[in-house]
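Using the sequences provided together with the hints, build the complete structure.
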Amino acid sequence: MRIPARDHKSTSCRTRARRDILPFLRCDLGPRHECLYREKHSSDSKVLVHFVNQSGVKSSVFVTEGETPLDVVIKKNLDISGFGAREGTLACSTCHLIFEESVYDKLEPIVDEEVDMLDLAYGLTKTSRLGCQVSVEHWMDGMTVNVPQEINDQQGKQEAVSSK
Amino acid sequence: MKIHGLSSASRCLAAEGGVRGLSSSSGPRVCIVGGGPAGFYTAQQLLKDAAVDIYERLPVPFGLVRFGVAPDHPEVKNVINTFTQTAQHERCSFHGNVNVGKDVTIDELRQAYHAVVLSYGAEGNRSMGIPGEDLPGVFSAKDFVGWYNGLPSNKELHPDLSFETAVILGQGNVALDVARILLAPVEMLKETDITQNALEALAGSKVRRVLIVGRRGPLQIACTIKELREMVNLPNTRADMLPADFEGIAEALKDLPRPRKRLTELMMKAVKEGGDDKAEKCWGLRFFRSPVEVLAGADEKRAAGIRLALNKLEGSGESVRAEVTGQLEDVDCGLIISSIGYKSIPIDPAVPFDPRRAIVPNEMGRVQDTAGLYCSGWVKRGPTGVIATTMNDSFDTARVLIQDMEAGKLDLSVNKPGAQAITALLQTRGVRMVLFSQWEKINAEEEKRGKSLGKAREKLLDVDEMLCRAK
Chain A
419 MRIPARDHKS TSCRTRARRD ILPFLRCDLG PRHECLYREK HSSDSKVLVH
469 FVNQSGVKSS VFVTEGETPL DVVIKKNLDI SGFGAREGTL ACSTCHLIFE
519 ESVYDKLEPI VDEEVDMLDL AYGLTKTSRL GCQVSVEHWM DGMTVNVPQE
569 INDQQGKQEA VSSK
Chain B
-5 MKIHGLSSAS RCLAAEGGVR GLSSSSGPRV CIVGGGPAGF YTAQQLLKDA
45 AVDIYERLPV PFGLVRFGVA PDHPEVKNVI NTFTQTAQHE RCSFHGNVNV
95 GKDVTIDELR QAYHAVVLSY GAEGNRSMGI PGEDLPGVFS AKDFVGWYNG
145 LPSNKELHPD LSFETAVILG QGNVALDVAR ILLAPVEMLK ETDITQNALE
195 ALAGSKVRRV LIVGRRGPLQ IACTIKELRE MVNLPNTRAD MLPADFEGIA
245 EALKDLPRPR KRLTELMMKA VKEGGDDKAE KCWGLRFFRS PVEVLAGADE
295 KRAAGIRLAL NKLEGSGESV RAEVTGQLED VDCGLIISSI GYKSIPIDPA
345 VPFDPRRAIV PNEMGRVQDT AGLYCSGWVK RGPTGVIATT MNDSFDTARV
395 LIQDMEAGKL DLSVNKPGAQ AITALLQTRG VRMVLFSQWE KINAEEEKRG
445 KSLGKAREKL LDVDEMLCRA K
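Chains as they are written, first to last, in this note's numbering: chain A, 419 to 582; chain B, -5 to 465.
Since the hints were made in silico from the structure, they are not lab data. Some clues are possibly wrong.
[Stated by the list, open to error] Just so you have them, the derived chain B footprint on chain A, three or more residues with Cβ under 8 angstroms: (1) 493 to 504; (2) 509 to 518.
[Stated by the list, open to error] EDC-like, lysine to aspartate or glutamate: derived pairs with alpha carbons at most 20 angstroms apart: (3) Lys248/B with Asp537/A; (4) Lys255/B with Asp537/A; (5) Lys524/A with Asp559/A; (6) Lys263/B with Asp537/A; (7) Lys544/A with Asp249/B; (8) Lys255/B with Glu531/A; (9) Lys263/B with Asp530/A; (10) Lys248/B with Glu312/B; (11) Lys435/B with Asp458/B; (12) Lys544/A with Glu519/A; (13) Lys71/B with Glu531/A; (14) Lys263/B with Glu531/A; (15) Lys544/A with Asp523/A; (16) Lys255/B with Asp530/A; (17) Lys464/A with Glu483/A.
[Stated by the list, open to error] Pairwise CB distance ranges (calculated): (18) Pro566/A with Leu260/B: 17 to 27 angstroms; (19) Gly379/B with Asp530/A: 15 to 25 angstroms; (20) Pro566/A with Glu158/B: 44 to 54 angstroms; (21) Thr378/B with Pro566/A: 19 to 29 angstroms; (22) Glu526/A with Pro343/B: 50 to 60 angstroms; (23) Asp530/A with Pro343/B: 44 to 54 angstroms; (24) Thr562/A with Gln362/B: 38 to 48 angstroms; (25) Gly560/A with Glu317/B: 53 to 63 angstroms; (26) Pro566/A with Gln82/B: 23 to 33 angstroms; (27) Leu304/B with Thr562/A: 51 to 61 angstroms; (28) Leu260/B with Ser463/A: 34 to 44 angstroms; (29) Asp137/B with Thr562/A: 45 to 55 angstroms; (30) Glu259/B with Gly541/A: 17 to 27 angstroms.
Virtual Cβ for every residue (Gly too), placed ideally from N, Cα, C.
See the structure below:
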């Protein structure tokens, strides 16, 4: 009943086992599937992305082109509570991220199944996407993505820059 | 593997000797009652600052993730990976097969720990409260779902699936899950973790038509769009809706917020397009109808139909109410499933309980009038919401508890014995605890049995057998 998992394109070890069993999972998301090939041919270039978590704390990380924000949060162990509960399978909205409008407008078109999950997300905005469905590209260098802010925790904004 | 919840700061501190002296003999100790999503998510957040012990009634962990999520939604169960990491954390221990309220009391737990969190969910269900509800052929959705998901207490359910029409009361995601499992082609289920006896029963099922009935109208339907979309796309089925139920809906669309609008548009598409006429099976939503009586067959021995009262809507917006019109409608059916809500029950007289709302009365997770006692998940908020809702709620309770620790509201100067004391107590009472490493043996056995049947796993259905495997 479910759309086959998109974890075939994830580089995180958690999903690698599954990917090894089914390296060419057919994905009903159409043109997005080319991401698998893009990952293989990526130039390994690093893209600077700023993550602002639910408490307003900013972390700046270098991301490999082709990874998703979900991959990054897991790999770099960013402090975002409960991020990516379903590990990239379009079954929740816990990797909900708010993009800058200029970036959002240039992202690949969203499919119904992603909108279905976003509809359930807390703090939905016009520039919201699921972090497991977006592929980081070099033109996104320097972008900031925001996790929806918690209602009752706005104290102390700090900056933490982590190295690659 | 790292848990996302651990901040780099607290990890560093832990490595250097601990926040608040988190060595094994001192430091805050918290006990969590309930090993489902609420329990695990609360534990995950607390582990930064405390040692956490989780007590679970069954030998096996994960609660509704294991017993509630539909077998054809395996990706929803991915959270088990993060829960497993939590259980394996050095400051966390899982104790299965412990019935809190019977094997050990809440007061005994409160003596052994600095704080206790109630996360035991909702194991009861709301009854329809109508005549005939106890006739054979009528089931709660909780029991029906428990049956196909291998909950030990539902293994003898044996629902009779030899009737053509099934009626489900309630239109939430659980109702749609039940409808989908009843009508899905067996090929779609046979590799999942559905129990073998349920699979065989469904393979021989004569159910061809499922009606999903709600008190109010299309704009009040409680399910979410993903589940409705799965019904619309279900192979070899067509949608059988009543256009009359949708009068005036098209005009209301433009004012709806996006999620409600998309859901309504999908329903209207199903009304218009129906589906393949050659399809053998059909499903339909029926609105403005409340059950008033289960009708027995000629032999008076089992359910043969259901009498529905027709409603009209009064009020507007969030407070739309269904009111009776006096009209009635009888539907012939042999299987009736009531999916109108789960319900929490009190497990210990020492804990305040609100019988009207069926929750533990609390203020942001702090149990009313009881210092050091907290709650998270359905027992705190009521039995609604998806796992992500429970996750956020559990994080909130954990945060409140940590705030209380930092504000000195919990007396952390006293050392508490924690699991050491409770384990000793349970031993004298002859209770056999199941540790997480022992659950892993049960897990391995289930996967092994599943493999031989071409399935993700074959769940053990019997508590005694689980205990045997856990040795």
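**Message:** Name the hints, by number, that the structure is in violation of.
**Reply:** Violated hints: none at all, because every hint is consistent with the structure.
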